Amino acid sequence: MPSPVLEVTDLTFRRGRPILKGISWRVDPGQHWCILGPNGCGKTSLINLITGYDSATDGTMRIGDSVFGDDDWREVRRRVGLVTNTLTTYLESGEPVLDVIASGREAKLNLIDLPGPAVFREAAKLLKQVGCDYLREAFWGPLSQGEKQKVLICRALMAKFKVLILDEPCAGLDPVAREHYLQWMQTLAARPKSPSLVMVTHHVEEILPAITHCLLLKDGRVFASGAKHDILTSANLSAIYGAKVKLTRHGERYALRLG
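No gaps in the numbering here: position 2 of the sequence shown is 52 in my numbering, and each next residue is one more.
Hints listed in this document are in silico derivations from the structure and should not be mistaken for laboratory results.
As the structure is a prediction and not an experimental result, all values here were calculated from the model.
Worth double-checking, as some hints may not be accurate.
Claimed, not checked - Straight-line distance between alpha carbons at most 25 Å, and here's what the computed DMTMM-like set of lysine to aspartate or glutamate pairs gives:
1) Lys268 with Glu57
2) Lys268 with Asp280
3) Lys278 with Glu255
Kindly produce the complete structure, drawing on both the sequences and the hints.
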């Protein structure tokens, strides 16, 4: 059995009230996960703990061979790519796009000490790969939501990581932009030696064909976890959302409606 890319065991988190209540979950090499659950179930809190933006109340957390509490998590989280709209609140409007991308190498925001030319060349190459070469001289503030999401992906890819966390990556995108974005993410997941993807979403329509496993959360606990085709069912989704819903499948994509 290979070592997990990411593993949490009996993870708990309180902030005045219990938010996460004994979460145990692991991501093995080659797996791509989707995290689903209603508002307030603990999805964002779990991601914040993994990336070191909050500290767990109890439990253990491991990324590769590093254990939270034993290692400097500021260094460890460089191995975790993160795409989240939360970052947009910290980025200055006048930050050059290439600086935003280059900052991903050291997991820092709003660069003061600029990296060398080689890092900026790599940033420009990534920008071209996502079809946004025209943004090389642009600034962060005026970008569209879709452009910002792609720039944040490029920023995440600057790090040397084994897992890429996508926290509601399609939020704010119109339907066409969302589909283009999802197609690009599918291409990324299919690449040889692709990092393990962990996609947090409210919408089953956004679950990529490349996703292999699902983690369902309810009331701060793991409701179900495992292979996508076993876990993603109408009965399970009805249970976590507290309403009768019907899951349908069209090819390798899903849709959900009230039952």
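Outcome of the hint check:
{"no.": "1", "hint": "Lys268 with Glu57", "result": "19 Å, holds"}
{"no.": "2", "hint": "Lys268 with Asp280", "result": "18 Å, holds"}
{"no.": "3", "hint": "Lys278 with Glu255", "result": "14 Å, holds"}
Of the numbered hints listed earlier, not one is contradicted by the structure.
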